[in-house]
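Position chain B against the provided structure of chain A, taking the given hints into account.
Residue numbers (the working numbering), protein chains in the order written: chain A, 6 to 155; chain B, 1055 to 1249.
Since the hints were derived computationally from the structure, they do not count as laboratory data. Treat each hint with caution, since some may be false.
[To be verified] According to the in silico footprint, chain A covers these stretches of chain B (three or more CB under 8 angstroms from chain A): (1) 1063–1072; (2) 1130–1139.
[To be verified] Each pair of labels, with its calculated beta carbon distance range: (3) B/ARG1208 / A/ARG36: 25 to 31 angstroms; (4) A/SER72 / B/MET1230: 38 to 44 angstroms; (5) A/ARG112 / B/ARG1069: 47 to 53 angstroms.
Computed from a predicted structure; not experimentally measured. We put the beta carbon where it would ideally sit given N, CA and C, even for glycine.
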Amino acid sequence: MPCSEVEKLLGAYHDGELDAEQRAHIEEHVRHCPRCAARLEEMDSYAAMILRLCGHHIPPPPEMKPSLFRRLRRQVLRTLAWSLILMLAVIIPLSFAPIFFREDIPRLGRVLLGLSGLTLTIALAPFFYQALRDAGNVIWYHFTADREEE
Amino acid sequence: MEGSTQADDATLVARFKRGELRAYEHLFDRYQARIYNYLFRLTGDAELAEDLTQEVFLRVFTEVRKLKGAINFSAWIYRVATNLCYDHFRHRARNQRVTAKIMAQHAISDTSNTPEQRLLRRERAIHMAEALDRLPMHYRTILLLKYAEGMSYRQIGAVLSLSEAAVTSLLHRARMELRRLYSLKEEGGESHAVL
Chain A
6 MPCSEVEKLL GAYHDGELDA EQRAHIEEHV RHCPRCAARL EEMDSYAAMI LRLCGHHIPP
66 PPEMKPSLFR RLRRQVLRTL AWSLILMLAV IIPLSFAPIF FREDIPRLGR VLLGLSGLTL
126 TIALAPFFYQ ALRDAGNVIW YHFTADREEE
Chain B
1055 MEGSTQADDA TLVARFKRGE LRAYEHLFDR YQARIYNYLF RLTGDAELAE DLTQEVFLRV
1115 FTEVRKLKGA INFSAWIYRV ATNLCYDHFR HRARNQRVTA KIMAQHAISD TSNTPEQRLL
1175 RRERAIHMAE ALDRLPMHYR TILLLKYAEG MSYRQIGAVL SLSEAAVTSL LHRARMELRR
1235 LYSLKEEGGE SHAVL
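With the rest of the complex left out, here is chain A:
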């Protein structure tokens, strides 16, 4: 196997990603080629240096978990609040306008308004359901976790 081909596989050999046959070819080559042997040694040293420089394990700050759950609670409740605002400000008025203003709006307008309210309700139902469910889960978790801590 020529050096140019070995060079391409040397990294994968170093990382233990070659099959037995390819490994044997590389080992045979490296035994007789000082240049490729030096490259392999160099790869070893680079990997060791990267590990020495960046491989430290630092414990995550203990405040991270409570802080995440606070952010999560805020996010879930914010989504629920926006869902309610959307429902109160857009969907309910759209759906009930044809009933309350039946004298002022022509029949076609009432039908279109009613249909758009219905379409929006159906389209956003999964979103509302998810927002309610998330809020319920987060609030339930919040109280049960507190009780467990006590």
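Using the frame of chain A, we list chain B on its own:
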């Protein structure tokens, strides 16, 4: 081992999808240290790493349930962390002294015999840190996934959405670039195989 962890992850993900926040908490407990350390290695900033880790888990909360079928959660969460980090640096200048900052926080233990050897090793470590910091982000990421996170090519491929052949090729190019930058730092353009 990897298989059983994946099975556990899959169970936790399924429980979380059913609405159990305890399962989400278990996923957090299992991955927070790994993701935090990975992000710290990519950013060199403990505060930013903490913030991005929380962001990753907020994404887990909203995105996991949208995923259909069996997922490799471990690869998926690393992918989310990587993408969030890339997004962060797309809008802000990347700190060019990431590894140097990591080095400053962790005294590198040295068992060399003589002060000269210690000095030489220290110098080489600094050169390597500078070379790593000058690497393009995708090269730095793949080298960290391989040598700091200890992932196989298959796992790296799953994280970066690449085939194993593409991982091999990208790692080869990353090593070549690292070698070039490190050689530039070393006097006379020679790289040394000792640390």
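Verification of the supplied hints:
Residues of the region 1063–1072 of chain B with a Cβ under 8 angstroms from some Cβ of chain A number 0, which does not satisfy the need for three, so the listed coverage is violated. Chain A is given as covering the region 1130–1139 of chain B, and this is violated because 0 residues of the stretch bring a CB closer than 8 angstroms to a CB of that chain, at least three being needed. A beta carbon spacing of about 29 angstroms between B/ARG1208 and A/ARG36 agrees with the range 25 to 31 angstroms that was offered as a hint. Distance hint check for A/SER72 and B/MET1230: the Cβ-Cβ separation is about 41 angstroms, which falls inside the suggested range of 38 to 44 angstroms.
Against the hinted window of 47 to 53 angstroms, the Cβ-Cβ separation of A/ARG112 and B/ARG1069 comes to about 52 angstroms, which satisfies the hint.
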